[in-house]
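Student: Here are the chains, one letter per residue:
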Amino acid sequence: MNRVVGATLAVARLRQCKVSFGRHENARAFSKRARRARRDGTSPSPTTLALIWAVVAASSAIAADEPIVVASKNFTEAYILGEALAQLLENEGFEVDRKIGLGGTKICYDALVEGDVDVYVEYTGTIAEAIKDIDGEPTREKIAAALAPDSVEMLGDFGFNNTYALAVPRQVADERGLARISDLPDHPDLRMAVSHEFLERPDGWPGLQRLYGIEEVPAGIEHALAYEALADGSIDLTDAYSTDGELKRYDLEVLADDRGFFPVYLAVPLVRVDLDARAKSVLRRVAGTLDDAEMSDLNAAAVFGGRSTESIAASYLVDKGLLGTDADADVALPQDSLVGRLSRNTGRHLFLVAAAVLPATLVAVGLALAIFKLPWFSRGAVYIAGLMQTIPSIALLALLIPLVGIGWLPAVIALFLYALLPILRNAVTALTSIEPTLRRVAVAMGLKPAEELRHVFVPLAMPSIVAGVRTATVICIGTATLAAFIGAGGLGDPIVKGLALNDTRLILEGAIPAALLAVVTELVFEQVERWLVPGHLRSSNTAAATG
Amino acid sequence: MSASGDSAVAFRGVGKRFDDWVFRGVDLALPAKRTSAIVGESGCGKTTLLQLVNAVLRPDEGSVEVLGGGVPDAGLEAFRRRIGYAVQGAGLFPHLTLVENVSLLARLERWEVDVVNARVGELFQLVGLTRDLDDRYPHELSGGQQHRAGLCRALMLKPDMLLLDEPFSAIDPITRVDIYGEFETLQGHERVTTVLVTHDIREARRLADYLVVMGGGGVVQAGEVDEVVSSPASDQVKRLLESGA
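Just so you know, the protein sequences line up as chains A and B, in that order. The first sequence begins at 19 in our numbering and counts up one residue at a time. The second sequence begins at 117 in our numbering and counts up one residue at a time.
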């Protein structure tokens, strides 16, 4: 038991150091060390921390036997390229930890800078505009110089240019004689809808509008839905990526960027400067292996060919001879049965929920017992807990990344904060509404404060406390699906991936077990209530306050 | 009257206020081993006076002496366990069975199981409860049974004193007469100093030896029941006595 506590302490300390060192290079070594300690359960005692720091900081060689964390952004192309890099590294004998579909630009880049991720594929235009704000033509040299302070290195690009494009159905283009973006001001009646990100980014609609003198402002639309909207004729134009598989599938025409507005978006692996040198050289092999059309085909295969991104990535590596001499050998695809995935995701999900709800129960009930006799504190605590509830979960997760990185820890912290309110409010309400006569009798008969809690207050509040924990657990089972956005895994994983790939089967693979889990939770809590509360006091028989 | 040696509770110049004074200048000595009744109209401070005895409330002026000493500042729980307490509506804990309610304090005092059981049996017999009710929850008992249980709980630890705050007022009249009889049996058996707060003068005359009439922000008259009945100190006392005639 001491070993576990020791390890937890060590991780906590190391985390603190990391935060205080910020983006200093040493933070990297710390993070690595912290993860190792957490994974292995080894327990450097706090007294030897200074020594460990010295050793770790002095020798980055220790990092070599760490798994390489390969992440990707969360859309089809990113899944394929990220998976390809992961398989390429595995083929060379590296141990890989996948965080495919980790999140958007900010989440992925911050995780890379913090050292939670070792490599992911980014786009040069995104680096120049969204990450680093580079003035003028974003040359390789300028980008490399901008990334250097973050200890991030850009490797050679894949070869294609996945820039923004404006797409219209070929039929519409032919009817109106639309071919170039500069034709748009002449067609103010076009029904335009573009993705929310495109609508906001300076290298998206605002800049485009200025350069081409377009007056109309498009509606915002979820990118995955835009193609369906084009196909059924409810909109005429949307933004697309020039390598989207949908361009072929829906027979769309890309308008020429005749004034050269869109920056170049070359796909490049971004790696940590201190990544193992041999791993870097392996990753450099992908440079120049794909042109626009080939990438578009790979994307189409994922979206319409019904193939998994893993098998598409494997065929790409084999076709391009990137797997070395025995290229015709079967690629060791991660063989992952549905049952295996389900049980892994469900287990992970349960872990996230339990790791949040159990401490939240202890904290909230303890707090309620400590303050329920003080009306001001009780009300204040419930308000503050309510405030937590109003922070959108995605925002809360994003806020936690700079503090604790990505993975299960920020997810558990967020779920913990969400679980507090229903438990705390139910407990405080139940405790403060105990009949005054009973409270007076408890005092007058000479119960000590601890006996009062143990034999009177807690049992009387128990039905509401159980109901609060039950509500909190069900809320957390739902909210935990969002944790997949920050690489925490769980049943949100297939949902996030399914959303990105527009794959209903994958979405259901996460959603159905999550719903079943909620039902099972209800049944389990009915049993728990049966153990803890005498029949006539159970919430099923009385109107219990729920969150 | 003086706070003589055989008094169990002595008030000396006691005043208590919440926003306004409830009463001031109360001098009173309640006899040991006997039953005193505090009567008066509602709002005259009967219950407040009672709660000064087991230190649920503290006086704002004057002093209260209980069981031959001042009210302690520390160890209040041990002090209160020497004083049984029963309240209107019985105040049984709804999550505990009848026997759990009655034996709670004895179990907390770590009495042997056999001793607890014997004491419960003794009390039940005195108040006319049967052991087949042991495992019923309060809501499964009649009002009369609940009040008998409340008395048993108050007497479980063989206290030196018993405080009763309108314990019989919520019971139907027929059951009440039964309980009066059982209470008298109890009193004969346990010989414990009892302070009874009631608004019912008939109840006071039936059960008490000593009568305290409150009103007008203090004690109007206090004395042996016969003494008060034969020579009421004021018209108010007279009216009160007649209301129960």
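Just so you know, these hints were derived from the structure itself, not from any lab. One or more hints might be untrue.
Residues on chain A that point at chain B, a partial pick, calculated with CB under 10 Å [what the hints assert, rightly or not]:
| id | residue |
| --- | --- |
| 1 | Arg296 |
| 2 | Glu453 |
| 3 | Thr455 |
| 4 | Val459 |
No residue lacks a Cβ here, since even glycine has one placed at the ideal position from N, Cα and C.
Student: Confirm or reject each hint.
Tutor: Hint by hint, here is what the structure shows:
1. Arg296: 67 Å, violated
2. Glu453: Nearest chain B Cβ about 8 Å off; hint holds.
3. Thr455: Holds: closest Cβ of chain B sits about 5 Å from Thr455 (chain A), inside 10 Å.
4. Val459: 4 Å, holds
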